[in-house]
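Anchor point for the sequence shown: position 1 equals 1 in full-length UniProt numbering, and the numbering is continuous, going up by one each time.
Derived from the structure by calculation, the hints contain no laboratory data.
When the alpha-carbon atoms are kept at most 25 Å apart in a straight line, the in silico DSS-like pairs for lysine-lysine are as follows:
hint, residue 1, residue 2
1, Lys106, Lys34
2, Lys70, Lys21
3, Lys77, Lys106
4, Lys34, Lys107
5, Lys42, Lys70
6, Lys77, Lys21
7, Lys106, Lys70
8, Lys107, Lys77
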Amino acid sequence: TMTALKQSHSVRLNDGHFLRKLGCGTYAPDHISKSQAAEATKVALDVGFCHIDSAYLYQNEEEVGQAVEKITDGITKREDVFYTTKPWATFFQPEYVRPAPERSLKKLGLHCVDLFMIHVPFAMKGSS
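Make a model of the complete structure from these sequences and hints.
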(Lines of atoms letter the chains of each structure in order from A; the text may use other names.)
(Lines give C-alpha, C1' and ligand atoms only; values in the text may rest on other atoms or scores of the structure.)
Protein backbone atom coordinates (compact mmCIF):
# COMPACT_ATOMS: atom_id res chain seq x y z
CA THR A 1 0.00 0.00 0.00
CA MET A 2 0.99 3.63 -0.34
CA THR A 3 1.12 3.99 3.45
CA ALA A 4 3.52 1.03 3.78
CA LEU A 5 5.71 2.44 0.99
CA LYS A 6 5.72 5.86 2.62
CA GLN A 7 6.71 4.38 5.98
CA SER A 8 9.47 2.17 4.57
CA HIS A 9 11.14 5.16 2.88
CA SER A 10 10.61 7.50 5.83
CA VAL A 11 11.50 8.19 9.43
CA ARG A 12 8.61 8.72 11.82
CA LEU A 13 8.90 12.02 13.70
CA ASN A 14 7.73 12.59 17.28
CA ASP A 15 4.55 14.32 16.08
CA GLY A 16 3.54 11.32 13.96
CA HIS A 17 4.50 12.82 10.60
CA PHE A 18 7.00 11.09 8.34
CA LEU A 19 10.20 12.56 6.92
CA ARG A 20 11.48 10.98 3.72
CA LYS A 21 14.92 9.41 4.07
CA LEU A 22 15.97 10.73 0.68
CA GLY A 23 15.56 14.40 -0.14
CA CYS A 24 16.65 16.83 -2.81
CA GLY A 25 19.14 19.43 -1.62
CA THR A 26 19.00 22.75 -3.44
CA TYR A 27 22.58 23.95 -2.91
CA ALA A 28 24.27 25.03 -6.13
CA PRO A 29 27.80 26.44 -6.49
CA ASP A 30 28.18 30.04 -7.63
CA HIS A 31 28.90 29.06 -11.24
CA ILE A 32 25.43 27.45 -11.50
CA SER A 33 22.68 29.93 -12.29
CA LYS A 34 19.87 30.33 -9.80
CA SER A 35 17.38 29.45 -12.53
CA GLN A 36 19.08 26.05 -12.82
CA ALA A 37 18.43 25.47 -9.10
CA ALA A 38 14.76 26.16 -9.77
CA GLU A 39 14.73 23.80 -12.75
CA ALA A 40 16.48 21.05 -10.79
CA THR A 41 13.89 21.39 -8.02
CA LYS A 42 11.05 21.16 -10.57
CA VAL A 43 12.59 18.00 -12.01
CA ALA A 44 13.01 16.56 -8.50
CA LEU A 45 9.30 17.09 -7.82
CA ASP A 46 8.39 15.65 -11.23
CA VAL A 47 10.32 12.43 -10.59
CA GLY A 48 8.82 11.96 -7.15
CA PHE A 49 11.09 13.59 -4.60
CA CYS A 50 8.91 14.52 -1.65
CA HIS A 51 11.55 16.18 0.54
CA ILE A 52 13.07 19.47 -0.61
CA ASP A 53 15.89 20.96 1.47
CA SER A 54 17.06 24.56 1.14
CA ALA A 55 18.88 27.17 3.21
CA TYR A 56 19.40 30.91 3.44
CA LEU A 57 23.09 30.33 2.69
CA TYR A 58 22.30 28.89 -0.74
CA GLN A 59 20.87 32.27 -1.84
CA ASN A 60 18.31 30.61 -4.13
CA GLU A 61 15.21 30.34 -1.93
CA GLU A 62 13.21 32.57 -4.26
CA GLU A 63 14.00 30.39 -7.27
CA VAL A 64 13.35 27.19 -5.34
CA GLY A 65 10.07 28.73 -4.22
CA GLN A 66 9.13 29.19 -7.88
CA ALA A 67 9.63 25.47 -8.39
CA VAL A 68 7.56 24.68 -5.34
CA GLU A 69 4.76 26.69 -6.98
CA LYS A 70 4.05 23.39 -8.75
CA ILE A 71 2.01 22.77 -5.62
CA THR A 72 -0.31 25.67 -6.42
CA ASP A 73 -0.42 24.53 -10.04
CA GLY A 74 -1.91 21.25 -8.82
CA ILE A 75 0.98 19.09 -10.05
CA THR A 76 1.63 17.87 -6.51
CA LYS A 77 -0.04 18.47 -3.16
CA ARG A 78 1.55 20.51 -0.38
CA GLU A 79 0.92 17.74 2.14
CA ASP A 80 2.99 15.40 -0.06
CA VAL A 81 6.09 17.62 0.07
CA PHE A 82 8.24 17.91 3.20
CA TYR A 83 10.06 21.24 2.95
CA THR A 84 13.05 22.20 5.09
CA THR A 85 15.16 25.32 5.24
CA LYS A 86 17.86 26.63 7.52
CA PRO A 87 19.01 30.01 8.88
CA TRP A 88 22.67 30.92 8.68
CA ALA A 89 24.83 31.04 11.82
CA THR A 90 24.64 34.85 12.01
CA PHE A 91 20.87 34.71 12.71
CA PHE A 92 21.05 33.17 16.19
CA GLN A 93 20.98 36.49 18.05
CA PRO A 94 17.54 37.00 19.63
CA GLU A 95 16.60 39.94 17.40
CA TYR A 96 17.20 37.83 14.25
CA VAL A 97 15.55 34.56 15.29
CA ARG A 98 12.00 35.48 14.21
CA PRO A 99 12.92 37.49 11.07
CA ALA A 100 15.04 34.62 9.68
CA PRO A 101 12.18 32.18 8.97
CA GLU A 102 9.89 35.06 7.98
CA ARG A 103 12.44 36.13 5.35
CA SER A 104 12.73 32.57 4.05
CA LEU A 105 8.94 32.14 3.87
CA LYS A 106 8.58 35.37 1.93
CA LYS A 107 11.28 34.39 -0.57
CA LEU A 108 9.86 30.89 -0.93
CA GLY A 109 6.29 32.11 -1.33
CA LEU A 110 5.12 29.60 1.29
CA HIS A 111 3.03 30.17 4.41
CA CYS A 112 5.01 27.57 6.38
CA VAL A 113 7.88 25.10 6.16
CA ASP A 114 7.83 21.63 7.67
CA LEU A 115 11.20 21.91 9.36
CA PHE A 116 13.30 24.98 10.13
CA MET A 117 16.56 23.55 11.40
CA ILE A 118 19.94 24.85 12.45
CA HIS A 119 22.44 24.71 9.58
CA VAL A 120 25.60 24.62 11.69
CA PRO A 121 26.03 23.94 15.43
CA PHE A 122 27.64 27.29 16.23
CA ALA A 123 26.78 30.99 16.07
CA MET A 124 28.73 33.67 14.24
CA LYS A 125 28.76 37.44 14.55
CA GLY A 126 27.19 39.12 11.56
CA SER A 127 28.27 42.31 9.90
CA SER A 128 25.51 44.87 10.44
